[in-house]
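K.L.:
This is what each chain is made of:
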Amino acid sequence: MCKPIPAILCLTTALAVSTPAWVQEQPQIKSTTVDLPTGDDLFPGGTAADAINNNCLACHSADMVLNQPMLPPATWEAEVYKMIRIYRAPVDETDVPAIVAYLAKLKGNNQR
Amino acid sequence: MRHYSISAGSLPDDLKISHGLAKTSAPDRTPSRRSLLRQIAFAGVSLMAEPALAEQLIKLPLPSDPRERPLSHDFPQKAGMILQRIRPPLLETPMEVFDRGAFTPNDQFYVRWHWAVIPNSVDVNRFRLSVRGHVDHALSLSIEDILRLPRVELAAVNQCSGNSRGLFWPRVPGAQWANGAMGNAKWTGVRLKDVLDRAGVKNGAVQVRLKGLDEAVVPDAPDFRKSLAIDHARDGEVMIAFAMNGEQLPLLNGFPLRLVVPGWYSTYWVKMLCDIEVGDKPDDNYWMAVAYTIPDTPHANIVPGQSGVKMIPINRMVPRSFFTKVADGASIPANTQVPVRGIAFGGDTGVAKVELSSDGGKSWQATTLGTDYGKYSFRQWEASVLLSEKGNHALLVRCTNLAGDVQPNEPNWNGSGFMRNVIETVHVNAI
Chain D
277 MCKPIPAILC
287 LTTALAVSTP
297 AWVQEQPQIK
307 STTVDLPTGD
317 DLFPGGTAAD
327 AINNNCLACH
337 SADMVLNQPM
347 LPPATWEAEV
357 YKMIRIYRAP
367 VDETDVPAIV
377 AYLAKLKGNN
387 QR
Chain P
-11 MRHYSISAGS
-1 LPDDLKISHG
9 LAKTSAPDRT
19 PSRRSLLRQI
29 AFAGVSLMAE
39 PALAEQLIKL
49 PLPSDPRERP
59 LSHDFPQKAG
69 MILQRIRPPL
79 LETPMEVFDR
89 GAFTPNDQFY
99 VRWHWAVIPN
109 SVDVNRFRLS
119 VRGHVDHALS
129 LSIEDILRLP
139 RVELAAVNQC
149 SGNSRGLFWP
159 RVPGAQWANG
169 AMGNAKWTGV
179 RLKDVLDRAG
189 VKNGAVQVRL
199 KGLDEAVVPD
209 APDFRKSLAI
219 DHARDGEVMI
229 AFAMNGEQLP
239 LLNGFPLRLV
249 VPGWYSTYWV
259 KMLCDIEVGD
269 KPDDNYWMAV
279 AYTIPDTPHA
289 NIVPGQSGVK
299 MIPINRMVPR
309 SFFTKVADGA
319 SIPANTQVPV
329 RGIAFGGDTG
339 VAKVELSSDG
349 GKSWQATTLG
359 TDYGKYSFRQ
369 WEASVLLSEK
379 GNHALLVRCT
389 NLAGDVQPNE
399 PNWNGSGFMR
409 NVIETVHVNA
419 I
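First to last, the sequence lines map onto chains D and P. Using the working numbering, read the first sequence as starting at 277 and increasing by one per residue. Using the working numbering, read the second sequence as starting at -11 and increasing by one per residue.
If you are wondering where the hints come from, they were derived from the structure by calculation, not from laboratory data. Because the structure is a prediction, the values reported are computed rather than measured. Watch out, some of these pointers could steer you wrong.
Here are the simulated lysine-lysine pairs, BS3-like style, with alpha carbons at most 25 Å apart [stated by the list, open to error]:
hint, chain 1, residue 1, chain 2, residue 2
1, P, K174, P, K313
2, P, K313, P, K341
3, D, K306, P, K174
4, D, K358, P, K298
5, P, K199, P, K269
6, P, K378, P, K313
7, P, K269, P, K181
8, P, K341, P, K174
9, P, K199, D, K306
10, D, K358, P, K199
11, P, K378, P, K350
12, P, K181, P, K199
Let's have the full structure, built from the sequences with the hints guiding it.
P.N.:
Next up, the structure:
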């Protein structure tokens, strides 16, 4: 079960159901602004990578894909269609074969 | 690594707001996408001319290539993290961090986001948490309102459903984590139950659906929303946390508020929590009904290729234990008591015992458990091993939890790479 933090709470909870703010140690919650890296490296391979570079990098950086193991070409095709049909990625239908071919060549195997 | 603040100057105005700040506007998205993406590509090429900074590579113990990942220092409020994906961020905790204690420091706590539109700025004076739906009165709570509620504290492990996915064989697609998509923190916050009670849950409520501030780049993609059964949400343990390890949350760990669901996988621990919706029907949204589902079988295990299996939402965690002091492939002296240690957690209940085997699993010896910070926390363990014969030996560690569940000898497999908790093994050479 959750336990109250400061020992003083044990004394005060008997007096009040809702602990007044003044008996609680005030945490510092400060407004925060950060810079996030953009991750805009292209997929390697020159013109063979045009389709994947034009369609896939708006939603995610390339590194995640490049970190994938070798997978069956059918798995790569399913991944591309998952992006389109479930995650609504605006991938040009005419580019799908080139994207799948790129992934199958770079990361494809015949496992399974 | 290029940061947004550096590269923004060279990008078109419409692109500047498309990363982390605002959604692309829906009506004209498709016509402009092509030119937008060409500009991304162009910016990428021009920036590639920058000299590459030397980066340290970490080799993960994955069963096949690629195994190397950069150790990144480029993320805000974060020290060295294993870089799985820059955008949206997937950052893994290096294993040696877990050797330093039962709690994982905030600046090396792992990070996992689904969608790329992550607010990079949160004004705590303007932030509001809404509570609505099947309630007597909807609420809009400020951070100050939250801080006035009774405060609770709990140590709990947060672990990605897919932690260790990269170790699956056959390999499966997804974030290729080794074992570092987990962490343990002391969470401080308020009970979800207290917030729901203030709103007044109506009769007939069956679940509570939670959403954070993050959004998809594509407007009609499914929002990331997760649900808990109403009784679970009101159990007094589920917490809305505003601090971890005594400090406000790093933005990438869900600042300013995140849900803490002790004993359950992290998919339910919604970050940047901004919306609590009480519902009178079961939630069938994609992230509950399709994504994050597991085979309804022991250990969520199936044979690769098996179909027709009933799938259920992933839920409670299972026991795990790890070596943090002895690395795989290490050489240790023979005929000497050699100290080894690590961490364990029981999953949805506490650690009963952690045992060590130095003969490949034929016999097991007890280990000494460290301080008990509560049943949902990491617990350190230590022991010493005496290897009388020179040569290669397998050291195994296994955890049994208070419910009697023990880690399995064989790894589980499922197509999503979820719930791995096989007994861990390191190979050492006694010299």
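K.L.:
Look at each hint and say if it fits the structure.
P.N.:
Hint check:
1. Restraint check for P/K174 and P/K313: satisfied, since their Cα atoms lie roughly 23 Å apart, inside the 25 Å limit.
2. Using a Cα cut-off of 25 Å, the hinted pair P/K313 and P/K341 holds, with the two alpha carbons roughly 19 Å apart.
3. Restraint check for D/K306 and P/K174: satisfied, since their Cα atoms lie roughly 19 Å apart, inside the 25 Å limit.
4. For the given pair, D/K358 sits about 21 Å from P/K298 by alpha-carbon distance, which is consistent with the 25 Å threshold.
5. For a cut-off of 25 Å, the pair hint linking P/K199 to P/K269 stands: about 17 Å separates their Cα positions.
6. The suggested pairing of P/K378 with P/K313 holds, with an alpha-carbon distance near 20 Å, which does not exceed 25 Å.
7. The hinted pair formed by P/K269 and P/K181 meets the criterion: a straight-line CA distance of about 19 Å does not exceed 25 Å.
8. Pair hint P/K341 plus P/K174 holds up; C-alpha atoms about 22 Å apart against a cutoff of 25 Å.
9. Distance hint between P/K199 and D/K306 is fulfilled; the C-alpha atoms sit about 22 Å from each other, no more than 25 Å.
10. Taking the CA atoms of D/K358 and P/K199, the gap is about 22 Å. The hint holds against a cut of 25 Å.
11. Taken as a hint, the P/K378 and P/K350 pair is honoured in the structure, with Cα atoms around 18 Å apart against an allowance of 25 Å.
12. A threshold of 25 Å between alpha carbons decides the hint, and for P/K181 with P/K199 the separation of about 17 Å falls inside it, so the pair holds.
Of the numbered hints given earlier, the model fails none.
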